[in-house]
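Participant: In order, the protein sequences belong to chains A, B and C. Oh and the first sequence: position 136 is 136 in this note's numbering, straight run, nothing missing. Oh and the second sequence: position 304 is 304 in this note's numbering, straight run, nothing missing. Oh and the third sequence: position 259 is 259 in this note's numbering, straight run, nothing missing.
Incorrect hints may appear among the rest.
Unchecked claim - On the chain A side, residues computed to face chain C include the following (Cβ under 10 Å):
id: 1; residue: Ile30
id: 2; residue: Pro142
id: 3; residue: Leu149
id: 4; residue: Gly167
id: 5; residue: Val170
id: 6; residue: Leu215
id: 7; residue: Gly255
id: 8; residue: Phe260
id: 9; residue: Leu310
By construction, these hints were calculated from the structure, which means they are not laboratory data. Where a beta carbon is used, it is the ideal one built from N, C-alpha and C, also for glycine.
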Amino acid sequence: MLAFVVRRFLQAALVMLVVGVIAFFMFRYIGDPVNQMVGVETSPEQRAALRERLGLNDSAMAQFLRFGWNAVQFDFGISYQFKQPVADMILARLPATLELSIVSALIALAVGIPMGVFTGLKRHALTSKLFLTISLIGVSLPTFLIGILLIYIFAVELKWLPSFGRGETVDLGFWRTGLLTRSGLEAIILPSITLALFQLTLIMRLVRAEMLEVLRTDFIKFARARGLTNRVVNYGHALKNTLVPVITITGLQLGSIIAFAIITETVFQWPGMGLLFLQSVQNVDIPIMSAYLLLIAFLFVSINLVVDLLYYAVDPRLRVQR
Amino acid sequence: MAPAKKSGPVLEVKNLRVAFATRRGMLVAVDDVSFAIGEGEVLGVVGESGAGKSLTGQAIIGLLEPPGHIAGGEIRLDGSRIDNLPYEGLRRIRGKEIGMVFQDPLTSLNPLYTIGRQLIETIRTHLALSPAAARKRAIDLLAEVGIPSPARRIEHYPHQLSGGLRQRVVIALALCANPRLVIADEPTTALDVSIQAQIIAVLKKLCREHGAAVMLITHDMGVIAETADRVAVMYAGRLAEIGPVRDVVQRPQHPYTRGLMGSIPKLGARTRRLTQIEGSMPRLNAIPSGCAFHPRCPQAFERCPRERPELLPAGASLAACWLHAPAEAAGLG
Amino acid sequence: MSKAPLLSTTEQSPPPGLLARAFDSDLAYSFLRSPITMAAAAVVLLFALIALFAPWVSPRNPFDLATVSLLDSLLPPSWAEGGDARFLLGTDDQGRDLLSAIFYGTRISLVVGLASVAFAALLGISLGLLSGYLGGTLDAVIMRIADVQLTFPAILIALLIDGVVTALIGSQGDADTAYFVLILSIGLSFWVQYARTVRGSTMVEKSKEYVQAARLMGLSSFTIMRRHILPNVMGPVLVIATINLALAIILEATLSFLGVGVPPTEPSLGTLIRVGNDFLFSGEWWITFFPGLALALLALAVNLLGDWLRDALNPKLR
Numbered sequence: 001m002l003a004f005v006v007r008r009f010l011q012a013a014l015v016m017l018v019v020g021v022i023a024f025f026m027f028r029y030i031g032d033p034v035n036q037m038v039g040v041e042t043s044p045e046q047r048a049a050l051r052e053r054l055g056l057n058d059s060a061m062a063q064f065l066r067f068g069w070n071a072v073q074f075d076f077g078i079s080y081q082f083k084q085p086v087a088d089m090i091l092a093r094l095p096a097t098l099e100l101s102i103v104s105a106l107i108a109l110a111v112g113i114p115m116g117v118f119t120g121l122k123r124h125a126l127t128s129k130l131f132l133t134i135s136l137i138g139v140s141l142p143t144f145l146i147g148i149l150l151i152y153i154f155a156v157e158l159k160w161l162p163s164f165g166r167g168e169t170v171d172l173g174f175w176r177t178g179l180l181t182r183s184g185l186e187a188i189i190l191p192s193i194t195l196a197l198f199q200l201t202l203i204m205r206l207v208r209a210e211m212l213e214v215l216r217t218d219f220i221k222f223a224r225a226r227g228l229t230n231r232v233v234n235y236g237h238a239l240k241n242t243l244v245p246v247i248t249i250t251g252l253q254l255g256s257i258i259a260f261a262i263i264t265e266t267v268f269q270w271p272g273m274g275l276l277f278l279q280s281v282q283n284v285d286i287p288i289m290s291a292y293l294l295l296i297a298f299l300f301v302s303i304n305l306v307v308d309l310l311y312y313a314v315d316p317r318l319r320v321q322r
Numbered sequence: 001m002a003p004a005k006k007s008g009p010v011l012e013v014k015n016l017r018v019a020f021a022t023r024r025g026m027l028v029a030v031d032d033v034s035f036a037i038g039e040g041e042v043l044g045v046v047g048e049s050g051a052g053k054s055l056t057g058q059a060i061i062g063l064l065e066p067p068g069h070i071a072g073g074e075i076r077l078d079g080s081r082i083d084n085l086p087y088e089g090l091r092r093i094r095g096k097e098i099g100m101v102f103q104d105p106l107t108s109l110n111p112l113y114t115i116g117r118q119l120i121e122t123i124r125t126h127l128a129l130s131p132a133a134a135r136k137r138a139i140d141l142l143a144e145v146g147i148p149s150p151a152r153r154i155e156h157y158p159h160q161l162s163g164g165l166r167q168r169v170v171i172a173l174a175l176c177a178n179p180r181l182v183i184a185d186e187p188t189t190a191l192d193v194s195i196q197a198q199i200i201a202v203l204k205k206l207c208r209e210h211g212a213a214v215m216l217i218t219h220d221m222g223v224i225a226e227t228a229d230r231v232a233v234m235y236a237g238r239l240a241e242i243g244p245v246r247d248v249v250q251r252p253q254h255p256y257t258r259g260l261m262g263s264i265p266k267l268g269a270r271t272r273r274l275t276q277i278e279g280s281m282p283r284l285n286a287i288p289s290g291c292a293f294h295p296r297c298p299q300a301f302e303r304c305p306r307e308r309p310e311l312l313p314a315g316a317s318l319a320a321c322w323l324h325a326p327a328e329a330a331g332l333g
Numbered sequence: 001m002s003k004a005p006l007l008s009t010t011e012q013s014p015p016p017g018l019l020a021r022a023f024d025s026d027l028a029y030s031f032l033r034s035p036i037t038m039a040a041a042a043v044v045l046l047f048a049l050i051a052l053f054a055p056w057v058s059p060r061n062p063f064d065l066a067t068v069s070l071l072d073s074l075l076p077p078s079w080a081e082g083g084d085a086r087f088l089l090g091t092d093d094q095g096r097d098l099l100s101a102i103f104y105g106t107r108i109s110l111v112v113g114l115a116s117v118a119f120a121a122l123l124g125i126s127l128g129l130l131s132g133y134l135g136g137t138l139d140a141v142i143m144r145i146a147d148v149q150l151t152f153p154a155i156l157i158a159l160l161i162d163g164v165v166t167a168l169i170g171s172q173g174d175a176d177t178a179y180f181v182l183i184l185s186i187g188l189s190f191w192v193q194y195a196r197t198v199r200g201s202t203m204v205e206k207s208k209e210y211v212q213a214a215r216l217m218g219l220s221s222f223t224i225m226r227r228h229i230l231p232n233v234m235g236p237v238l239v240i241a242t243i244n245l246a247l248a249i250i251l252e253a254t255l256s257f258l259g260v261g262v263p264p265t266e267p268s269l270g271t272l273i274r275v276g277n278d279f280l281f282s283g284e285w286w287i288t289f290f291p292g293l294a295l296a297l298l299a300l301a302v303n304l305l306g307d308w309l310r311d312a313l314n315p316k317l318r
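Make the full structure from the sequences, and use the hints.
Facilitator: Right under this line is the structure:
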């Protein structure tokens, strides 16, 4: 057991290292940090002095270590475009993105898994075919199109819900939440559904496929041969075996949701990290890009680690044999 | 309420037909097969892969996979028909009246549940026992099939047991509700040769002690010779020969059975060439007319491709071969 | 009396090439049995033809600035009030005929989509073959890179590569460079699945006897990989490629919508939608709606084909 955990940690550390190297290279060697910070009138001597002061003449390794050390302390440099510390900007927007992502993930799981189970068990029912058709449309429609469609129907035509922004937020000290106000809750409905839809259909199809696969196995046949009731076979055996691989995938989906938030935040003008990142790509604002990369990598790696450990807890075959 | 001893066979299969609807038409995989198994008897069903043995077993327990279906005939358990029962009716019979043992013990057990859990849920499905009583019965069963330290092993997961032990658990599961009949479909094929004999012995012992009849499906003639009371030989979905095991093995009456026996190496006998039956078993969509074996039969004559032979008395057995029709037998002497 | 029985060895001959099996009646049979799949194939074919012959089937050329006039801008579809019979689906904010813009946009979407998938497949198959066949450190390194990349969703990778490459070459890049960068980004986000699948199949095939035989005959590794192993791993690759195509088309549209995809002078369907989004609230719905419909239909049809292909080529589902 311990060996497994250690190995996973090492893998996670490796990924962070690789990403860190990439982020560092972007940060330091793409574009010229000095040029971004000074005006055109600055003399070459002043530039050279600035270079020295920023430590840009040290060895690559030294700079890399400094970069890493700063990153751990949440110092990601100054944004080229906004001239503000990147860390502050990101942290200010982190709650917005996380709230949106988590609500979407919950929706996707709460709807996707039952639908998947249903369409897996009752393959030939009419409702199943209906769900599958809807799911196919869900996978084929790009997220931004869904967002636009929802905005048009619910915000423009019906005027039930707001079409942009986060509504009123409440400051809890370290976290600004939109979930405690009515306008905040109204504002999060459309974006979270938009974000959830793609993941929902993926989860549903995955659960269905796994379910069908499991229902074909020998131990299910043997369970039926033993005369166990349909309920026990379907929900006791098939479902449990289906959910084990589903756990892994849904964990990865959470990471995917955070990334797809970029699109949703753009469509709904949701003030989150994703929108910030997009702007940084458009404006070639390297510090923000590299900071976002590091942060996202950290989030993903952590999620993966947690999912792996969960997997381990659920599947007895992975535990040490006596 | 149950009568002390039932008269008549435990299982009666009459003119069973199993067919598959494919886009190329209806394929008949089991064609007009009839046999009976008496109380406590062990009937071996032997034949090459694809001869229809497993399908017969699956048809009896009602687990044919679509598009396979029973296209004709009757199956009777203790006199009452079971082939036309609805799903729930069949489910009640499965496990309780008919038990089944599959080939691969690794895939037969759910890897996520302990063997105890799988045993107890089966026991409680069919017998009205409290959890504690069911658990005790499970431990007793494990001991019966020869699993050491059953009280400890009951908490183990399938992957923690060796192949042979797992198959013993499977046998215990098949017998835990005291069924009248156990269908064992290639129970030893997936096991090491050294363990095969043990498992067969366990199976035989348990069935005898629980009074269950056995339908032992296998392609291994050696197992049949050791274990069965009677044996049925299947070829291309049909019965070629059926009779007491000693007679069929030592005095086979059907040319196919003779070929089978001749191709088995025997220790101690004078070294002689193994006979080989020329050709191979026909595919389901290309079954020859008349007797399905006639293209490969060294003794075929003009009646064989014309008419399909029925099971005719041949010594102590029955053989589906025109050689045993009274006129022919007299003619060939 | 009979000849000495020949003991037949069980050879492991190469399975019949998947392409040969594909044209066997089983696949065609499954195809003809499903009207939805046939409809999807027809739609895809229609889009492909439109894309191919866009210059000839479009009523007018939306990129020819001489024929585009601002006076014609924001006209609704021809059947609506205020519409003009010249512009069937209306015009956008620059006065471009929407129908023609959709045709050309489809062409761009399909070209970028196909090119990206081709690139991803090429890269992925090559790396997968090398990784599976040669094994060792190369295999370990490639798989590690794949694992790291798989942690991140495609859109993130595409955005990142796009941003980095743009930063490196500056914004003086012309339209062609933009296309190149786009195809590169999308392609690089998708190679991993090909690599993994091909690697798996290669490792299975490698141990079969016909490969050993080929090696004994002195064929080079490269020839073996190309001539013997490759045909046998193409089946799953085809399924992945079809589903990938839909994803690539959607990804390109998304990137264009976000403003980092194709250059704005040659709008793809995604760009058109973005343009239309600005006018949605003022009531000019058609600029978003029709390109959106086209995009959705195309992606749906490709997805349906991919689904059918996957089910038809999956022996377990028969």
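Participant: Hint by hint, note whether the structure agrees.
Facilitator: Status of the hints after comparison with the structure:
1. Ile30: 5 Å, holds
2. Pro142: Holds, about 5 Å.
3. Leu149: 8 Å, holds
4. Gly167: 19 Å, violated
5. Val170: This hint is violated: Val170/A lies away from chain C, its Cβ roughly 29 Å from the closest one there, beyond 10 Å.
6. Leu215: Status violated, d = 12 Å.
7. Gly255: 7 Å, holds
8. Phe260: With a minimum Cβ separation of about 7 Å from chain C (threshold 10 Å), the hint on Phe260/A holds.
9. Leu310: Check failed: Cβ of Leu310/A comes no nearer than 17 Å to chain C, outside 10 Å.
The structure shown violates the earlier hints numbered 4, 5, 6 and 9.
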